[in-house]
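J.: Whole structure, please, built from the sequences with the hints as guidance.
Each residue of the sequence shown is one higher than the one before, starting from 1 at the first, in UniProt numbering.
Worth double-checking, as some hints may not be accurate.
As the list claims (entries may be wrong) - Heads up, simulated SDA-like pairs for lysine to any residue below, C-alpha to C-alpha not over 25 Å straight-line:
{"#": "1", "residue 1": "K279", "residue 2": "R290"}
{"#": "2", "residue 1": "K279", "residue 2": "T322"}
{"#": "3", "residue 1": "K279", "residue 2": "R245"}
By construction, these hints were calculated from the structure, which means they are not laboratory data.
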Amino acid sequence: MTQPLISHDPLDLAIAWARAGQAAALACVTSTWGSSPRPAGSMMAVSATGRIEGSVSGGCVEGAVIAEAGEVMQDGRPRSLSYGVSSEDAWSVGLACGGLLDVYVESISTPERPTGTLELALLERLSALRQARQPVLLATRLSDGRHIVLTCGERGLQAPDVLPEDSGHVASLSESARQAFHTGRSLRHIDTQAEEWFLHLIPMQPRLMIVGAVHIAQVLAPMAQTAGFAVTVIDPRTQLATADRFPGITLDTQWPDEALDSLHIDNQTAIVTLTHDAKLDDPTLRHALRGPAFYIGALGSRKTQASRLTRLREDGFSDEQTRRIHGPVGLAIGAVGAAEIALSILAEIVAVRRNAPLGHHPGWT
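T.: See below:
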């Protein structure tokens, strides 16, 4: 199995820097108005050595935030920052008009560097939950940087290991937390004591499961990886699923339904089958339709799609269920060749994930 690419995730890098003994801070967008280019929850990691990863704007306030982060790393006190971006400055970074954004900056506390309100152990816990694909948010009281971890799973909203003195806060935050989990968006909340909290939904990396180690997959896999997806190529044909053909990509040579079962598909997962082989496509689609994947796509002509839908109906799937399948896969951009087809597929996946009009199936209501 090939090694994954080095992470460019701000949370992962902030943890790595702190573990290495470097002073580090995390800046997070807590609210926006107008045409601010980065949504609430966007993060930027800043190291005292000058390393930076992530973004809180289109570039127009990064310098000011980095300077503030330097001071936060010195004194350990969190800062709530507000910026107004004029129309002139916004134009220079590619925006149509100005906007406003609030940014919260905290330094990371370690046993060696105990100043700061973000404990390294807390960040490691958030990272572990995210790696386990457990929906998690960090509630932060903006007045002083107090934190509460909230998760959402089969048992509903949970506050694992919450301190007794925080139980009242959890009750006050619960409705807004459920809203954040439901919408997939971080948000601000004012509790019953008129204290302001930021409910930061820790982003789970989206995944793309590509069934079929074919030519299109060779282009689609690294393209999707560049777009931020964790990519796995699934194909039991070991002569095709090789590290030479897919450098830097995770490969799985189990039968597709077995592979998908072991990978625990969630609602941040897209599944695309590219094999043109019913022996591989059909088990993939049957498994995908029974699960919560946000996107299911299948390569093939309209005739091929009609045939596979007939087989799925014979297997007991309803028309409503099979309408989840995007087939022929990809946006209709007149794609020719593997690269353009891969581009059309990835564009459709992104459109569906962002709930953009292009992502809606023509026959859907």
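J.: K279 and R290: Cα distance at most 25 Å?
T.: Distance of about 18 Å is within 25 Å: holds.
J.: Within a Cα-Cα threshold of 25 Å, do K279 and R245 meet the stated pairing?
T.: 23 Å, holds
J.: Hinted pair, alpha-carbon criterion (25 Å max): K279, T322. Please report holds or violated.
T.: Satisfied, since the Cα-Cα distance of roughly 18 Å is no more than 25 Å.
Every hint, counting from the list given before, is met by this structure.
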